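Visitor: Residue numbers (the numbering used here), protein chains in the order written: chain B, 53 to 394; chain A, 53 to 394; chain W, 53 to 394; chain S, 53 to 394.
Don't take each hint at face value.
Which copy? The list can't say, so a pair holds if one copy fits it or any two copies do.
Claimed, not checked - Straight-line C-alpha distance at most 25 Å; calculated BS3-like pairs for lysine-lysine: (1) 164 to 56; (2) 93 to 339; (3) 238 to 56; (4) 164 to 339; (5) 238 to 339; (6) 238 to 93.
To be clear, the hints were calculated from the coordinates, so they are not data collected in a lab.
Since we're looking at a predicted model, the values are computed, not measured.
Protein chains: 4
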Amino acid sequence: MAIKVGIYGAAGYTGIELAQLLAAHPEAEICFLTSESSAGKTLQELWPLAPAFPLSPSIDAPLEAADCIFLCLPHTQSAPRAAQALAQGIRVIDLSADLRIDDPAEYARWYKVAHPAPELLPVPYGLPELGRDLLVDASVIATPGCYATATLLGLAPLVREGLIAPHTPIIVDAKSGVTGAGRTPKVNTLFAEVQGDFSPYNIGRSHRHIAEIEQVLEADGLAPGGLIFSPHLLPTDRGILATIYVQTSEPEAAQAALREAYADESLVEVLPPGQLATLRHVVRTPKAVLSMTAVNGILIVVSVLDNLLKGAASQAVQNFNLMWGLPETMGLIPTQVPQETL
Amino acid sequence: MAIKVGIYGAAGYTGIELAQLLAAHPEAEICFLTSESSAGKTLQELWPLAPAFPLSPSIDAPLEAADCIFLCLPHTQSAPRAAQALAQGIRVIDLSADLRIDDPAEYARWYKVAHPAPELLPVPYGLPELGRDLLVDASVIATPGCYATATLLGLAPLVREGLIAPHTPIIVDAKSGVTGAGRTPKVNTLFAEVQGDFSPYNIGRSHRHIAEIEQVLEADGLAPGGLIFSPHLLPTDRGILATIYVQTSEPEAAQAALREAYADESLVEVLPPGQLATLRHVVRTPKAVLSMTAVNGILIVVSVLDNLLKGAASQAVQNFNLMWGLPETMGLIPTQVPQETL
Amino acid sequence: MAIKVGIYGAAGYTGIELAQLLAAHPEAEICFLTSESSAGKTLQELWPLAPAFPLSPSIDAPLEAADCIFLCLPHTQSAPRAAQALAQGIRVIDLSADLRIDDPAEYARWYKVAHPAPELLPVPYGLPELGRDLLVDASVIATPGCYATATLLGLAPLVREGLIAPHTPIIVDAKSGVTGAGRTPKVNTLFAEVQGDFSPYNIGRSHRHIAEIEQVLEADGLAPGGLIFSPHLLPTDRGILATIYVQTSEPEAAQAALREAYADESLVEVLPPGQLATLRHVVRTPKAVLSMTAVNGILIVVSVLDNLLKGAASQAVQNFNLMWGLPETMGLIPTQVPQETL
Amino acid sequence: MAIKVGIYGAAGYTGIELAQLLAAHPEAEICFLTSESSAGKTLQELWPLAPAFPLSPSIDAPLEAADCIFLCLPHTQSAPRAAQALAQGIRVIDLSADLRIDDPAEYARWYKVAHPAPELLPVPYGLPELGRDLLVDASVIATPGCYATATLLGLAPLVREGLIAPHTPIIVDAKSGVTGAGRTPKVNTLFAEVQGDFSPYNIGRSHRHIAEIEQVLEADGLAPGGLIFSPHLLPTDRGILATIYVQTSEPEAAQAALREAYADESLVEVLPPGQLATLRHVVRTPKAVLSMTAVNGILIVVSVLDNLLKGAASQAVQNFNLMWGLPETMGLIPTQVPQETL
């Protein structure tokens, strides 16, 4: 019997992607999709390849009909909806920032607003390859941000093994496709602004994803405050590439640590020496790919993923699968079942 | 002594382009730029290569300080401002649709709104290569639309010479870059919507530029109603390419008519046989380029121009030059004056 | 037991796409992939998402191990290979132009070279939605060109029903993504040439796909020589959009004919009135989508498909499935088989 | 009397750009353009906006008719041609790598080939904003590489003032548009490979521009070997953006040093605090733009330029002007000479 799912905020890029994944998921059945701005239309009217499922305003969504909801809402709107669902025994996969930061004060510091539902915190952080114990059978999971996933996959194994030289900066030079900025129309994401341009923004220590990245790394033993994070906007629709520079006295051990961390993972791949990760490796796939280049006491890790999939929707499906005791990659990797047709 | 000019609506793509042209124009001096949404900023803050001239709300613009204003406003907003300026003896170059249609009823039919200033009509139509007599010393000029310019340059000489077979359809399959849709944020002009897509819109007989195209061609003798106009949105920022199909029993005469029509023009070029016009010929230039291919009683005219320049801002400057008795291409074609520096 | 397949010319864009489809096909098993220029590498080294299957020079390919070969070779190279395979009882899906034209003289006229294996002609033309009888159990199938598929899907039902006004031109204004020009490096398909440009080529009656389009339409009753075909190169990687203009005295009947022709097809969709087909409907899918706009005695059919899929590789898989008695869409439309995992 | 100039290798992207600049330069007169692959055509046939000047094979070029030649040839081909010209008293602006490295052994180490004309070395390095004394009246100038210019403009003033913390790595994460890879067709610069991708290459310490960058910085006092240089290929045609990370104990002094270094320069601009440099600032201009962000003992300098202009052709024109005693920006910045027309 299918698990009934609803998506709040289905008309954004992540919601559209998630709706397509869930529509094709063998064990999920969509029972509602919400959108305030496009209510009354079907999702397919917004995006031809999406399911022809009607969008309703959230006030009309039959929350109680769902076993599990996915929240693709702006921060501050997401946590209250999560609280409402959890109070009714409905499980929650949150894709906003609301439930990622354990400490409400830290949330307030980065998001410049009081946390809307501090009683829910802390919530398991849904980056399965860095720890899936808390995700199995969880009632609520906070799905990481796209930049955070790309960065943490490259750094966490190194931090855990103590392989980054103390008191040295960690530099993450990150580049993201435009869908990372959302589907709400703004001048700076218009085609004629982005084509032919490439631009840094919020560089240094001002991008909000630093909060969740450092929370994870500090739990793994990193000293606070050493992360430099420089995002840039790429003239392409999808994909994140983070070029990560760490100083290490043990470059061989560092590379081995990354290789071992993901040796048994089907959705994270470490390329062999001499190859470099590119967006082409991951766009439109649920995978992250890493490559490593060691030189002069610096390890350069290139980490790539599709911001809408491993950086959002497909990672949410991994979390959904873990939450419900399903195989983690169900609905993400085609299983080639020979058809009984001959 | 410089001619003092103001631009209403300077923060759109056409306004930005026009401000750059006027800032470099030897005889013009900008005295104000208006923008409601970006008032308080300089134009350079919106577009790094534009002049660092402040934007003011139109209510604060010193209209009376100007000798001539350029209107890059939405239709219905433009004509009242034109009327106000003309009443004060200030000349007007309008880039909106408001003053292009001679008959207010026709305007109302296409634009679904009563004409805001019918007493101004008719106004000289500023496509100099099709007739510049009325433009010299004019007090007000209506600058044509981008699709209209591309289409009329290809068709008018044929219609004038009676070279299109009667009772046959004229098919204009047009493709435009995204800046043609303006700088106001909308979902359908976001980068992630446009990249990788190509889409027709308003095809058949529903695009508003049909009104001004047919007005010109009917004055030149075309029977009404035969134009099929199919615009498409291209995944590029600038440029229009119109592929025009007409039936003719005199393909040689038709080609000769086009060639002769522009033989003495410096901003419209007809390519020699065997060459085809492409966006590359015209993007970021004030020129239109035409090519011709005759086959089976059909003449295929490809007409290209930069929608922001010959389709808007540089054509407005041509009109400005004619209006003020200046050389028509002043400020548009670099004059190579040897510097006295050796 | 799987059908063993080999691909000649696997390192081009069509070959890469086809290899991905066949690697995931439930009843196919790749036994070789050939490439002269990339022999010794795996296909994945050329394209990260392609299977890690080695490429061999064609001389080393174990032809006799295959049950069926796919030919993604240039014209003139394909037919001799087809003849060799057929002589050994190996079936052939040809994606080149070699086997599409029934009459070798016509082939010679369009391709400026003698037909390399006229004894193979005629060969069933593999556009299943226009006729699949000859494809079932065929030993060899000629898969149509990408432009031809888009054009024929829009025109053939109209021609069959006699709904196009006699002695009127049929105008096909077609636009293709760059992969249609192949993966062999040429200046005109470099990124820096294509971005920002849009260009017609071979317009009128000179593009070679006219031969196969007219062959099909003339068999359906069209008078010869009336097709005007104008291809343009789009600044995008994949997708074809053909805007087709036909004159008809029965626009309602024409729309009904198209609608009925594809009513039972799962891979060709006719959009409801008011919607227009765009590349977004089809890119990365095996489907073609049509829309219709009737105005002034003209029917405008917009026909879209992915040039590498319905225009090449997925259509080849449809043909493969028909040839081998498999469900026609096997390997193309995900069948959601619930996994036995709960 | 005009200075007669010839360009060897005029059919590449740099050559095309340079020919356009020189055709419009008030004191230069093109006397030949060479291309082996396109000889017999005009440059305009390759690029519609370029001058309609014929291309000849280099063997037919009237070298002796030139006062000055520009070499846009591959390395190893350039130096011999320079030697030939200099022997005849003809001055040389080299845009290849051949004359940039003072030490032939170092050249051989990076370029894996013996230097073709070591007797010419050393040659003045033509980055005027870092030192123009040796360029004035020079007979030969080596124009820097595009990555080198962007990197050196950001780093040299800091090194000169001793403001980078000793024994700390300097990390340059650089991103370049595709024209940086040249106009010779290769698979990896095809449109369909680049669109939608973003890819690192030669990261760490393997890119050849490191040689000239370190040569300059070591002359300014930098300890050897600390530069990490990671280039990436951007899906756009033009522009380089280098995000440069240096550790400094004096971030205020560092920012002041950069600001002062370029305070009097018309072609290098340092943005005010709070603004970030983007490609939009520089593409299709002869300028470089820098921005600075200080955080946690790290100074992040973003340096942008157009790789074909300040990174190649317009910098070559600066050098030409200095060499011939002309105003350095002649032909690069429009001088608004009021026309005597009213």
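Visitor: Give a verdict on every hint.
Guide: Now the hints, each set against the structure:
In this homomeric assembly, residue 164 and residue 56 never come within 25 Å of each other (Cα to Cα): the closest approach is 35 Å inside a single copy and 46 Å across copies. Taking the closest pair of Cα atoms, residue 93 and residue 339 come within 25 Å of each other only across two copies (23 Å); inside a single copy the shortest separation is 32 Å, beyond that limit. Taking the closest pair of Cα atoms, residue 238 and residue 56 never come within 25 Å of each other, the shortest separation being 34 Å inside a single copy and 33 Å across copies. Taking the shortest Cα distances, residue 164 and residue 339 never come within 25 Å of each other, neither inside one copy (33 Å) nor across copies (38 Å).
In the homo-oligomer, the alpha carbons of residue 238 and residue 339 never lie at most 25 Å apart, since the shortest distance is 29 Å inside one protomer and 28 Å across protomers. For the identical chains of this complex, residue 238 and residue 93 are neighbours both inside a copy (22 Å) and across copies (17 Å), given an alpha-carbon limit of 25 Å.
Checked against the numbered hints above, the structure violates hints 1, 3, 4, 5; every other hint is satisfied.
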